[in-house]
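Asks: What follows is the residue order along each chain.
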Amino acid sequence: MSVQAPHDDARTRATGRLESALRERRAAGRKLLVPYVTGGLGADWVDIVRALAAAGADGIEVGIPFSDPVMDGPVIQEASQRALAQGATPRSVLAGIASAEVDTPIAVMTYYNLIARAGDKRMAAELARAGVAAAILPDLPLEEARPWCAEADAAGVETVMLAAPTTPDERLARLAQRGRGFLYAVGLLGVTGERSQLAESALAIARRCKQVTDLPVLVGVGVSNASQARAICEVADGVVVGSALVRRILEGAGPDGAGEFIGELRQALDS
Amino acid sequence: MVAAPSPMGAPDASGRFGSFGGRFVPESLVPACMELETAFSEAWADAAFRARLASLLASYAGRPTPITECPRLSAELGVEVVLKREDLTHTGSHKINNVLGQALLAERMGKRRLIAETGAGQHGVATATAAAYFGMECAVFMGEVDVERQALNVFRMELLGATVYPVRSGSRTLKDAVNEALRDWVASVETTHYCIGSVMGPHPYPYLVRQLQRVVGDEAREQYRERSGGRDPDVIVACVGGGSNAAGTFAGFADTAARLVGVEAAGGSAVGHGVPGIVHGMRSLFLQDEEGQVLEAESISAGLDYPGIGPEHAHLAELGRATYEAVGDDEVLAAFQVLARTEGILPALEPAHALAWVIRAARDGTLAPGTKVLLTMSGRGDKDVAQVKEMLA
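Those protein sequences? They're chains A and B, same order as listed. Note that the working numbering numbers the first sequence so that position 223 is 223, with each residue one more than the last. Note that the working numbering numbers the second sequence so that position 322 is 322, with each residue one more than the last.
These are calculated hints, taken from the structure and not from any lab test. Model, not experiment: these values are computed from the prediction. Hints may contain errors.
[Unchecked claim] Pair by pair, the computed Cβ-Cβ distance ranges are:
1) B:R108 / A:G131: 50 to 60 Å
2) A:D169 / B:T191: 16 to 26 Å
3) A:E234 / B:R168: 53 to 63 Å
4) A:D47 / B:A187: 32 to 42 Å
5) B:M391 / A:Q86: 43 to 53 Å
From the three backbone atoms N, C-alpha and C, an ideal C-beta is built for every residue, glycine too.
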């Protein structure tokens, strides 16, 4: 795969591992489930990744903890702080991912400073070497993404773009064009965290995303339980579930409990 | 032939000063930053807006502030010190210059809620004041550590009708207050203006805040020239946390021959010990570890307790147009007392850093005898008296 201009379109680009897997499963009529877990949280976090894969996740998001996670609410802040206190580093999380040996494609979710500190090129190569399929960088918007995307494209790492309820339509189309893997539709105006009710904005942004792209559209932020996941999947291709899972892990769920929760969501989406 | 651009011109289209700045924010906030950029550029070109701001600065904030000669201090140090007296503004610091401008912008954009981060509490008080004046709702985020050491300012904000949220995450100081304000803004962006207190954050904030603060430097230059028969000072000194009073002061003198010196707290010296990184929406210099985790700053001054610096300062440092020095807590306490004793002025601990460097530089010969120094007295020390009393006990 050659280095493409970052705003190239779908006709000229290779399809990465995450996107291929998600497109294939969508074509088979399946709703997509991507759980998020904070890397380095607890001694058994790699086992949790394996449990999520076994429970039927279509992709797995692994957070590389950062000291200043501005897009995250209290649960993932707490998980990040605990993981950092337990000695998690980008390198240790990548080593854990590599050791998990799961077939399910893995996307790392982190903040751009951890990449910038290592250097775009070096971090793209390290992600590829660890077997990471994709990267989700919530503080790297389209206008700033060019240098990273060039290196990620060259290394075969898919950069997932995020779309927000405040994103205008014209911009949405450009995000979708640059996006790889899937289009991450942020379901509400707010940081990550569980919400008792599904936000109206979740269905609205999913609909708007579906109108501009053929990429799989997954809704994340504020997706807390099976019934919310099902409701969103009436419109979207799938969901990202983070805080609801991480809260259970913080409360001591372990690999079994984590797998059980994701298994329930799987069942709800499949039935 | 085109004249060389001023070292403190406008940033480029991506919001960069050299390689620093930019706009690294969650997608939810990108449209709001763009809206603010447009609103500011239209407002700044609008004579009616500028006149309204000027009138508020005069009738409400008490501008222009004077410059004050310091004969006894100067005699003691052997250099000639003149202070730009931002401590004499309404609310007691230069922060009011910025918040009145941003509140006017918020009004222009139809936003009726202001949020702010604060360290020492001066920016929080200023924002709460502007919100009260404009009849807006106000929420201030303040690290729990700062809530404790600046209890009086918390009470002031509450009297002014603001809600103060103690921030318990991370180092529980200014850095974490910024995180929490950003998190609120991600959720409230449609109705809320984030009134950032320094020359930091995503574009257009570093430029916007510097332009709103340049009244300090522009006034000082005119006043100094009037006093000195058209002559400029040799050295301009200001303290730097994020760096708004320094940026505003430097902007007035960037195209003169004056040497520009920013003074950081030794425990938060982003220029001295920081490396380039991307935090709080901007590419700048930050204290961070090998992996890119942001380190905690440590200073007696809550207002300088920030592990980064505004991107334009990083650029000025790289250009060599300004230099950045660091002073320790003990020097600052000594400077605080010297100014009180010699001139009858209690400085805030933040500008006491700037004075601490002048004292050191005068003593060690870095500043030759007779050097003419202009120092921005960015705020008054009333808020710090209890803390200083404790530290001297």
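Asks: Using the Cβ atoms, figure out if B:R108 sits within 50 to 60 Å of A:G131.
Replies: 51 Å, holds
Asks: The hint says 16 to 26 Å between A:D169 and B:T191; measuring C-beta to C-beta, is that right?
Replies: 22 Å, holds
Asks: Do the beta carbons of A:E234 and B:R168 sit within 53 to 63 Å of each other?
Replies: 39 Å, violated
Asks: Just to be sure I understand the hint, the distance between the Cβ atoms of A:D47 and B:A187 should be within 32 to 42 Å; is that true here?
Replies: Since the Cβ atoms of A:D47 and B:A187 sit about 34 Å apart, the hinted range of 32 to 42 Å holds.
Asks: Note whether the CB distance of B:M391 and A:Q86 lies within 43 to 53 Å or breaks it.
Replies: 36 Å, violated
Going through the hint list in order, the structure does not satisfy hints 3, 5.
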